[in-house]
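Work out the full structure, taking the sequences as your base and the hints as a guide.
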Amino acid sequence: MPHQCTNCERVFADGSKEMLSGCPDCGGSKFQFKPDSATDTAASDDDDRVGTVTASDPPDTASDPMRSSDADTADPTPTDAAAPTTTSPPSSAADSEGEVIETESDPNVLDPTENSAQADARRDVVTRDELDDVSDPPQRSDDPARTIPPDTAASPGIDDLREELNDQFESIKILEPGQYELNLMELYDRQECIISLQEDGHYVIEVADAWRDDA
Amino acid sequence: MGLLTGLRDSITRVTDRLFSASDPKRIGIYGPPNAGKTTLANRVARDWTGDAVGPESHVPHETRRARRKENVEIERNGSTVTIDIVDTPGVTTKVDYKEFLEHDIDEEDAVRRSREATEGVAEAMHWLREDVDGVIYVLDSTEDPFTQVNTMLIGIIESQDLPVLIFANKTDLNGSNVKRIGDAFPQHETVPLSALEGDNMDEVYDKIAEYFG
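Heads up: the protein sequence lines correspond to chains A and B, in order. Going by the working numbering, the final residue of the first sequence carries number 215, and the count climbs one at a time with no gaps. Going by the working numbering, the final residue of the second sequence carries number 213, and the count climbs one at a time with no gaps.
No lab work stands behind these hints, which were simulated from the structure alone. Glycine included, each C-beta is placed from N, C-alpha and C at the ideal position. Honestly, I wouldn't trust all of these hints.
To be verified - Listed below are the simulated BS3-like cross-link pairs for lysine-lysine, each with C-alpha atoms no more than 30 angstroms apart in a straight line:
id, chain 1, residue 1, chain 2, residue 2
1, A, Lys173, B, Lys207
2, B, Lys207, B, Lys25
3, B, Lys25, A, Lys173
4, A, Lys30, A, Lys17
What the hints assert, rightly or not - Beta-carbon label-pair distances, calculated as ranges:
id, chain 1, residue 1, chain 2, residue 2, range
5, B, Asp106, A, Leu175, 19 to 25 angstroms
6, B, Asp172, A, Glu186, 20 to 26 angstroms
7, B, Glu102, A, Leu175, 14 to 20 angstroms
8, A, Asp160, B, Pro186, 29 to 35 angstroms
9, B, Ser57, A, Asp160, 15 to 21 angstroms
Printed below as a string of structure tokens:
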């Protein structure tokens, strides 16, 4: 049980590529990794957590129709209560969120003892079919990595957008509509020419001749 | 990247000059808002072509898009110098629509003008980087020339190795102080004039022919 989604706790088989595009069930992007050597102890911890989450968060499970079917079939982890929880080291860190690590940054992945399936998952490029299968996972509103701001007034306001654009384009700072601060050196240094400022704070730029095919 | 880009720009500029020596030089008229750039451009264009370049106004940022008058032939001492005049929007570091409200412009129009003026400054800075062969820098001689914009723009022009003439405009007004401009930029020649009244235009054309011919 090398990987488990920290959101819905779906378990992925060793070497699975499914999670490369996020958890197919909940869209979560964080997975905890348990090397083989720690499987026994991890299983006990995970079992505890699975039980806790399932019990304390039934609406989430019920609201996710895919989880109820897929997770059960895809999860090879024994979930019986007979797991030897008493034999696991009572590490408080292991039970905390600090244990959760990004798969990409997991130092264990580069462990020379990794098996071929792990190496394959790390090295291979996911195919188009595999991408399509997981390209439209159910959205969870509490997952910031998956949350797309809606195009409504309830979305981050125009002020936020303006602030974001100001961070990106230091050449013109929009204080408010009709009030601008200009960084002349930045404007001079830009290869592309700003030819139009939109009401919503966007810019229209003309790319330099050198970027065109006929240049 | 910046170094390569700069090198490419320099090479482009040099080759352009080598292979188009007979083409008209493109002279950008730069300066802060309300220095009299459009008045000067119109004066030059009218004197030598009979046409105007654009509307003049006491309202700042009246020129919000660069305007070009091509093939202006200036005759000096029996020879002809042909230039393209580019009248640019006044360069500034702040544009505020409230500035327009003082000139009986309603708020919606003021906001629009402000946005267009900002676009104009961006365009002017881009032209300075890409599209001019020389610069006429126009200053209102009644105003303090020691400003961030003036220092920065003159510095950019110098870094481009562009020929530049500084025109101390509005000498017809009380409070005109040409010497203050000369002292501010002693490394460049300062020519006093009144574009509005046509004062000292002979020297203006002499210098244009000398610097950009």
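**Study point:** Index of numbered hints that the structure contradicts, given in increasing order
**Key:** 1, 3, 6, 8 and 9
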